[in-house]
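J.: Each chain, letter by letter, is given below.
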Amino acid sequence: MPRLLLRDRQIVEDEWLYVLEASAHPSAPLIVSLEQWRNEPDTWLARGSRLGVVLTPAERVEILAPDLHHFALLAAQFPGPADGRGYSQGRLLRERYGFKGELRATGYVRHDQLFFLARCGFNSFELAERDLPNALAALSTFTAAYQPSNDQGLAVKLQHQPQFRH
Amino acid sequence: MYRYDLTDKTLVAERVTEFRDQTRRFLAGELNEEEFRHLRLRNGLYLQRHAPMLRVAIPYGMLTSKQLRVLGHIARRYDRGYGHFTTRQNIQYNWPKLEEVPDILAELAEVEMHAIQTSGNCIRNTTSDHLAGVAPDELEDPRPWCELIRQWSSFHPEFTYLPRKFKIAVTGAAKDRAASLVHDVGVHLVRGADGEPGFEILAGGGLGRTPIIGHVVRDFLPREHLLSYLEAILRVYNLEGRRDNLTKARIKILVRSLGIDEFKRRVEAEWQLIRESSLRIGAADIERMRGFFTAPPYRPLPDIEPAAGKDAAFSAWYRYNTTAHKQRGYRAVFISLKKPDIAPGDATDLQMELLADLADRYSFGEIRVTHTQNLLFADVEQERCFELWQVLQTAGLATPNIGTLTDMICCPGLDFCSLANAGSIEVAKLINERFDDYDYVYDLGELDVKMSGCMNACGHHHVGHIGILGVEKSGQEWYQITIGGAAGADASLGSVIGPSVAKHEVAETIAKLLDVYVEERQPEERFLDTVRRLGVKPFKERVYAATAAA
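Chains as they are written, first to last, in my numbering: chain A, 1 to 166; chain B, 1 to 550.
Hints listed in this document are in silico derivations from the structure and should not be mistaken for laboratory results. Among these hints, one or two may not hold up.
DEER-style ranges, computed between Cβ atoms [claimed, not checked]: (1) B:Pro197 x A:Arg9: 42 to 48 Å; (2) A:Gly107 x B:Glu446: 50 to 56 Å; (3) A:Ile63 x B:Val536: 30 to 36 Å.
In silico BS3-like cross-links for lysine-lysine, where the CA-CA straight-line distance does not exceed 27 Å [said to hold, decoys possible]: (4) B:Lys66 x A:Lys157; (5) B:Lys339 x A:Lys157; (6) B:Lys429 x A:Lys157.
None of these values were measured; they are calculated from a predicted model. From the three backbone atoms N, C-alpha and C, an ideal C-beta is built for every residue, glycine too.
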């Protein structure tokens, strides 16, 4: 059964596969680990499909920066409710490295995290099925914010005479 | 005083709705204990020994009389008629019911208050100098900056799941009354070489298991960069702080393991990339924020000597419980929450309501919470101090002991806290009983006694002139004594005098330490100075020699 996702505010079937899921689907869009990417980039590029990379919390996004043009998707893994490194990874990928593709949160992602994840630039969420019905509402938990950030449509309070905005 | 605008009101109201739903889902079994723990902690809710504990934020210690009345009302309606003021200028309720917490938060939101980020591994309530805006030694009022930090740090999307808790203190005076050197980040308002206003930034201080004095990471930061610089520090910490061991997860451990120079280099490198972002604070923003913290309409009054011709009890109170004010004719007045028969920092519902009324009459309707767990009326006319004292005395709120031995800082300890190893409130009571002679206590002069019920150090024992730490030894409560700690600009960590002592010996041990001081002190020398001059040895010898003889 295909995985369901919240992506760009819609619940959709996931067309992407992780390496372990992809053996029978040689042309499906593929998500590889950073290690797999770095070990054999040519193998993955030769596949000809769209490519994505999933980062563990300890992996630095800087490492990927020179290769970003190869990827249509980047994912950050959240191992549990306490580890917030992925939030920084998301912001850096969007704001510093200008990544425009799908930015996905995977692992421990419940609807209590969605609002902040979206503010850090994530637009795609692998949620447990029981959380899907409430997920869209969770993106509107708050209708304002104090900090300038990636998302649109919020009344942002600390928008101090912007020098530039992403 | 800062007042909420529509954005603040909206955010706090939406948080109540969110937390009400999270509580409902937990009670319905849709969130497990572990999942709910992370969510409730970010709303100040602990599940404690006897009942939940709710910690309510009092940003940089400032309260209006209306807010204090509501805190009193909450104590009566949802708790057992009292609240506990903390060293980080917040208030804790020890007996709320879990299912009623959303209602408490809703009542708080009505008066522009909340419990957001008062616990959990996130940026906590920003604390400051309780004399902000009135201290004669102040360079600049820190509160506009505190409020900017409060807003920036509230619901920060990137920094809500940090490796560990993160505490910021801001001061703008010569004397550090906010213990900023033992905070994760200390912000000091300073002037640059050419008189330009800005900040000195410290990082990596903290108490707990591994007490460390903060290091300077930047001598001078131009003021428009405060938030981007804090963001750089937090980003380095969020990505690089340890997450494999909770006891090594504070920023102080990261700073220590990288070394201050490498930590500075990483923060600086990150900051260079974000300093010109939209976090740069414009001059108009600064002025607008300053507009919330203007001086109240003082009357033109001469300085007088209110104690002249009054009785000795008032004179003692005036000397110890009031302090100099930068406005002629005014004093800042401490309301001591330290009394032999109450837990340090506790106030009842009726006391809170009375103080709210008195603040309206005597201090422009504002009350402050001090780092030392007392309250403060910042702007009292000198000529009305006698009148105010009479009312306070009747209400049991005029214990004349500010800055003395019996003005102890003390955590809730084993009686309330699930982390504690040993009781602290009963020890405070024993110390109060042992030292009930005011003439003796006054003769000892300035003396900070600080007590924690466990090594998490909520009572800041490491930086007490005398520190008391509760430890557990084979199921018994014991107390380790340190001397020579200090929390101000000359911050230092106390040294352990020797083996821990039993509960009934704590007060007597302190008495012996003080005997050495009284015998050895030089004119004008504080206990702390004598310890610094002589070292621990003579104190240690007195305490343990006597024990051996007995």
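J.: Is it true that the CA of B:Lys339 sits at most 27 Å from the CA of A:Lys157?
T.: The hint is violated at about 44 Å.
J.: Taking 27 Å as the top limit, are the C-alpha atoms of B:Lys429 and A:Lys157 close enough?
T.: 47 Å, violated
J.: Take a look at whether the Cβ-Cβ distance between A:Ile63 and B:Val536 falls inside 30 to 36 Å.
T.: 51 Å, violated
J.: Falls inside 42 to 48 Å, the C-beta gap from B:Pro197 to A:Arg9?
T.: Given range 42 to 48 Å: holds, Cβ gap about 44 Å.
J.: Using the C-beta atoms of A:Gly107 and B:Glu446, is the stated range 50 to 56 Å upheld?
T.: 53 Å, holds
J.: Taken at face value, is the distance from the CA of A:Lys157 to the CA of B:Lys66 at most 27 Å?
T.: Satisfied, since the Cα-Cα distance of roughly 26 Å is no more than 27 Å.
Hint compliance for this structure: hints 3, 5, 6 are not met, and every other hint is.
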